[in-house]
Amino acid sequence: MSTFQSFLKQPLSVSVRSTLRGAGQVMFQQSAWTGLLFLAGIFWGAYECHTPAVAWGAVVGLVASTVAGMLLNENFEDGIDGLWGFNGILVGCAFPTFMGNTWQMWLALIFCAMLTTWVRHGFNNVMAPWKVNSLTFPFVFCTWLFLLATRYMHGLDGDALSRPALDLAASSASLDMSFGSLVQYWLKGIAQVFLIDSWVTGIFFLVGLLICSRAAGIWAAVGSAISLLVAIAYGAPASSISSGLFGFSPVLTAIAIGCTFYTVNWRSAVWAVIATIATVFVQAGMDALMLPYGIATLTGPFCITTWLFLLPLYKMDKTSDPNHSSWVKDIRDAENK
Amino acid sequence: MSTFQSFLKQPLSVSVRSTLRGAGQVMFQQSAWTGLLFLAGIFWGAYECHTPAVAWGAVVGLVASTVAGMLLNENFEDGIDGLWGFNGILVGCAFPTFMGNTWQMWLALIFCAMLTTWVRHGFNNVMAPWKVNSLTFPFVFCTWLFLLATRYMHGLDGDALSRPALDLAASSASLDMSFGSLVQYWLKGIAQVFLIDSWVTGIFFLVGLLICSRAAGIWAAVGSAISLLVAIAYGAPASSISSGLFGFSPVLTAIAIGCTFYTVNWRSAVWAVIATIATVFVQAGMDALMLPYGIATLTGPFCITTWLFLLPLYKMDKTSDPNHSSWVKDIRDAENK
Amino acid sequence: MSTFQSFLKQPLSVSVRSTLRGAGQVMFQQSAWTGLLFLAGIFWGAYECHTPAVAWGAVVGLVASTVAGMLLNENFEDGIDGLWGFNGILVGCAFPTFMGNTWQMWLALIFCAMLTTWVRHGFNNVMAPWKVNSLTFPFVFCTWLFLLATRYMHGLDGDALSRPALDLAASSASLDMSFGSLVQYWLKGIAQVFLIDSWVTGIFFLVGLLICSRAAGIWAAVGSAISLLVAIAYGAPASSISSGLFGFSPVLTAIAIGCTFYTVNWRSAVWAVIATIATVFVQAGMDALMLPYGIATLTGPFCITTWLFLLPLYKMDKTSDPNHSSWVKDIRDAENK
Chain A
1 MSTFQSFLKQ
11 PLSVSVRSTL
21 RGAGQVMFQQ
31 SAWTGLLFLA
41 GIFWGAYECH
51 TPAVAWGAVV
61 GLVASTVAGM
71 LLNENFEDGI
81 DGLWGFNGIL
91 VGCAFPTFMG
101 NTWQMWLALI
111 FCAMLTTWVR
121 HGFNNVMAPW
131 KVNSLTFPFV
141 FCTWLFLLAT
151 RYMHGLDGDA
161 LSRPALDLAA
171 SSASLDMSFG
181 SLVQYWLKGI
191 AQVFLIDSWV
201 TGIFFLVGLL
211 ICSRAAGIWA
221 AVGSAISLLV
231 AIAYGAPASS
241 ISSGLFGFSP
251 VLTAIAIGCT
261 FYTVNWRSAV
271 WAVIATIATV
281 FVQAGMDALM
291 LPYGIATLTG
301 PFCITTWLFL
311 LPLYKMDKTS
321 DPNHSSWVKD
331 IRDAENK
Chain B
338 MSTFQSFLKQ
348 PLSVSVRSTL
358 RGAGQVMFQQ
368 SAWTGLLFLA
378 GIFWGAYECH
388 TPAVAWGAVV
398 GLVASTVAGM
408 LLNENFEDGI
418 DGLWGFNGIL
428 VGCAFPTFMG
438 NTWQMWLALI
448 FCAMLTTWVR
458 HGFNNVMAPW
468 KVNSLTFPFV
478 FCTWLFLLAT
488 RYMHGLDGDA
498 LSRPALDLAA
508 SSASLDMSFG
518 SLVQYWLKGI
528 AQVFLIDSWV
538 TGIFFLVGLL
548 ICSRAAGIWA
558 AVGSAISLLV
568 AIAYGAPASS
578 ISSGLFGFSP
588 VLTAIAIGCT
598 FYTVNWRSAV
608 WAVIATIATV
618 FVQAGMDALM
628 LPYGIATLTG
638 PFCITTWLFL
648 LPLYKMDKTS
658 DPNHSSWVKD
668 IRDAENK
Chain C
675 MSTFQSFLKQ
685 PLSVSVRSTL
695 RGAGQVMFQQ
705 SAWTGLLFLA
715 GIFWGAYECH
725 TPAVAWGAVV
735 GLVASTVAGM
745 LLNENFEDGI
755 DGLWGFNGIL
765 VGCAFPTFMG
775 NTWQMWLALI
785 FCAMLTTWVR
795 HGFNNVMAPW
805 KVNSLTFPFV
815 FCTWLFLLAT
825 RYMHGLDGDA
835 LSRPALDLAA
845 SSASLDMSFG
855 SLVQYWLKGI
865 AQVFLIDSWV
875 TGIFFLVGLL
885 ICSRAAGIWA
895 AVGSAISLLV
905 AIAYGAPASS
915 ISSGLFGFSP
925 VLTAIAIGCT
935 FYTVNWRSAV
945 WAVIATIATV
955 FVQAGMDALM
965 LPYGIATLTG
975 PFCITTWLFL
985 LPLYKMDKTS
995 DPNHSSWVKD
1005 IRDAENK
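In the order they appear, the protein sequences are chains A, B and C.
Here the numbering used here is used: the first residue of the first sequence is 1, the next is one more, and so on.
Here the numbering used here is used: the first residue of the second sequence is 338, the next is one more, and so on.
Here the numbering used here is used: the first residue of the third sequence is 675, the next is one more, and so on.
Hint data in this document are derived by calculation from the structure and do not stem from the laboratory.
Please note: incorrect hints may appear among the correct ones.
If you only want the chain B side, here are some residues facing chain A, beta carbon under 7 Å, derived [what the hints assert, rightly or not]: (1) M464; (2) W467; (3) P501; (4) L503; (5) Y571; (6) G572; (7) A573; (8) F618; (9) G622; (10) D624; (11) A625; (12) L626; (13) P629; (14) L645; (15) L648; (16) P649.
Heads up, the beta-carbon is just placed ideally off N, CA and C, and yes, glycines get one too.
Extracted from the complex, chain A is given alone in its bound form:
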């Protein structure tokens, strides 16, 4: 029986739940309620920023990648756990953020969101021998290619992308360091995981995390705070800091290392803090790498840093939290091979 038929035989609520879990899995949470709160935060922020297409793109990308998993007869359990949707929803947020509202964009959005489903399968196959996962890299890799393609395809309007440049434009803007502002930067760091520039959305996301896993909520908060501290100490550009652009990758690294792959304890906490700090430097480095292309790093810095901290395969206790079981399962499968 195909995966598509299996889903058809379930009540509709199962498909809806699996789809919503896809939103939650962007931050490693296998909870439809978390996913719903994430979507609510996206809608709030997208409408606040007068870019409603971002919110609707998220829905379209989420559904397209989930349906692709069913059609391609991907593993049924993965579908139930929401592992098809998290790359697709990010594609759906990124395309309308950086591209103009053309019919070709929407077609490409659907195509690219579906593409991430089998690219994830392929990348996971590649990484299985080392017991790591492709994380959100299928989204990053495929979206990079389409963002680059805007330069060569008039049907994809990349006017919202940065101008390609050799040097970072000099800026005399200094960072507003009042307590209220710092709190906003800190919340935006969490909101930017879904490319949303709104501190209210950050609250939605934090609540979404906390209702599913206290540890994840705390690590997201700590990760954003650490990244803020390091970015300020090392003099990162004020505009990037105040938009939360130095926060989103460290937030994901902190959740991944701090409580998703390893049990929460002192050893994993120290490891997560070091990894979070490293992510800030990787973020700055990759920002520079993107400068001649004018495209965003997306969550690339998170992926690369998290791999660097997982690949040594240090003997640390694996998480036993059932909420994260789908992430550790891949590792267990690789170990049993």
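Following the hints, position chains B and C against chain A.
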């Protein structure tokens, strides 16, 4: 007994046949006649474009990489199947296309063509665990390095390369959409597999494919047509489309997925069409990636897209066509490990 | 018992010896005396060039990465053999060479040097299936990210980096080809392994190699000579040649292929010469790749070329020199899996 000695013991015709098969294997055809027609097409196009060095470079590269395989004692069967020559002949086409006619260029051409033989061996070792093949990536990787090196080495004259740029030069040229022109673009898409800008050469190549495998000929034709359609719908630059530069990678993807690795049937046909469409976007994205360097993507978009569609290892019937046996053999070897 | 405790239980001299061996292992020599001579050469050159921070950075990086190995409970034998320090000492040379003397630089230097220790562990895990080693790539990879990060972080002052550019600045400088000058370029090619622009340092390094392994000293000398020849024949920029910037990667390739991984004999000698020539082209190609970023290739060309020549896994005799045992051990471990 070494591979070199084994070849010496055979009649000369065996070495000639194996070398010609190397030309055919660029499009996955293990036929010396196909290879001969490909070479004829290259000579026609090179002389038509007043760049005879491209044709002679092809011969030199083909022979150099084949001889390298003998000297390095590579697997004898691979040699008989023509698997050493296909990267080398492409090196031989690319060097005189992009570099001036200096003695250093010819020495580097021979060196680089031979290099591809053991780089292919190394890359295939790397990819064996995932049952994919390095395809033409040894050619792409090595040639990229030498094309880049022209910027630093006066002995390699890279004046025929594009100027490095941050932005694609604006162009008001619009595409001639008459039926006759479209047919020319479509044929040039096939001819550009060997970097030849001539629609007549495209006919040579199509005939070469058809005498060996009807399916390969049809997929090449379909692949070029699909890429033309997508490139026009997404507003790719007129000059690139009219030179067939959006066609050559999709043509190779279509042959690879449509009839080389999988049996020809409806499932593989759908998969090949999706892969061909994806290749057009990867082509546009990689074109943008090369912009600050002014070098060509070569067949990189074909390699990357084909890997993305093979790596999920979906259960599809492997081809049983003996013409493609050398390509599926690697996969079988990996499975038996 | 943890690795840290194991080292504490040894006399202090063991820790000192292991640390110094880390300096020697940059050129594959497991000898504390070689390491000491290398350090002496670094100090001589750094003070001669009025950049003493480079010498002290080397010491700090060497110690930081070695201590990281102890704290992280890395394999005790690796520590004794000096395999933790060689990436760290290179980080320590590179940071003050390219960055200004800020407290953030020194903090980042220590962080990055320690980072290389577990990144090396992770990269070695990744490469184990193909029986190759990450060589100095952990240093290259991590340092690239921090050098790029200088563009985005005012706390890291990258004024000593080249300006990002699309084209190599035209230069009318011609190379002084007198015998004395050629000898200096040749010695600087060896000195630049540690980023030192001083021919006297090259003598220190040559002597350091010769007291540990005659073969290594000869291959370093031959490697630098070959690279000089190829760079001149292909018209590389005079300023790069005269600073030894075309020599350091070929020197390392020559030692690696010529006498570290394979037994010294005619077959490995021919292979080493070809690999050394290839490294020069890879160097020129990667120089061009770095142009839009203004950062250095570091020892990246050495790593890439050496992998290309090891990955085919041709059956050549492995070295039995105990001096190089720690490098071949990884390969043996991979074979026994």
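Exercise for review: Verify the interface restraint on Y571 of chain B: the C-beta must sit less than 7 Å from at least one C-beta of chain A.
Suggested key: Holds - the Cβ of Y571 of chain B comes within 7 Å of chain A, reaching about 4 Å at its closest.
TODO: Report holds or violated for the interface hint on A573 of chain B, using the least CB-CB distance to chain A and a cut-off of 7 Å.
DONE: holds, 6 Å
Margin query: Interface hint check: P501 of chain B, Cβ to nearest Cβ on chain A, cutoff 7 Å. Holds or violated?
Written below: Interface hint status for P501 of chain B: violated (10 Å vs cutoff 7 Å).
Holds or violated: W467 of chain B as interface residue toward chain A, Cβ cutoff 7 Å? The hint holds - W467 of chain B has a Cβ within 7 Å of chain A, the shortest such distance being about 6 Å.
Restraint outcome when A625 of chain B is required to lie within 7 Å of chain A by C-beta distance:
holds, 4 Å
Does D624 of chain B pass the interface check with chain A, least Cβ-Cβ distance below 7 Å? holds, 5 Å
With a cut-off of 7 Å on the beta carbons, see whether L503 of chain B makes it to chain A. With a minimum Cβ separation of about 4 Å from chain A (threshold 7 Å), the hint on L503 of chain B holds.
ask   = Under the criterion of a CB-CB separation shorter than 7 Å, is F618 of chain B in contact with chain A as hinted?
value = Since chain A brings a Cβ to about 5 Å from F618 of chain B, closer than 7 Å, the hint holds.
message = Would the hint on P629 of chain B be counted as holding, given a Cβ-Cβ threshold of 7 Å to chain A?
response = Since chain A brings a Cβ to about 5 Å from P629 of chain B, closer than 7 Å, the hint holds.
Quick check on P649 of chain B please, does its C-beta sit within 7 Å of some C-beta on chain A? holds, 4 Å
| field | Hinted contact M464 of chain B with chain A - closest CB pair below 7 Å | value | This interface hint is violated because 9 Å lies over the 7 Å limit.
For the hint on G622 of chain B, does the least C-beta distance to chain A fall short of 7 Å?
holds, 4 Å
Checked against the numbered hints given earlier, this structure breaks hints 1 and 3; the rest are met.
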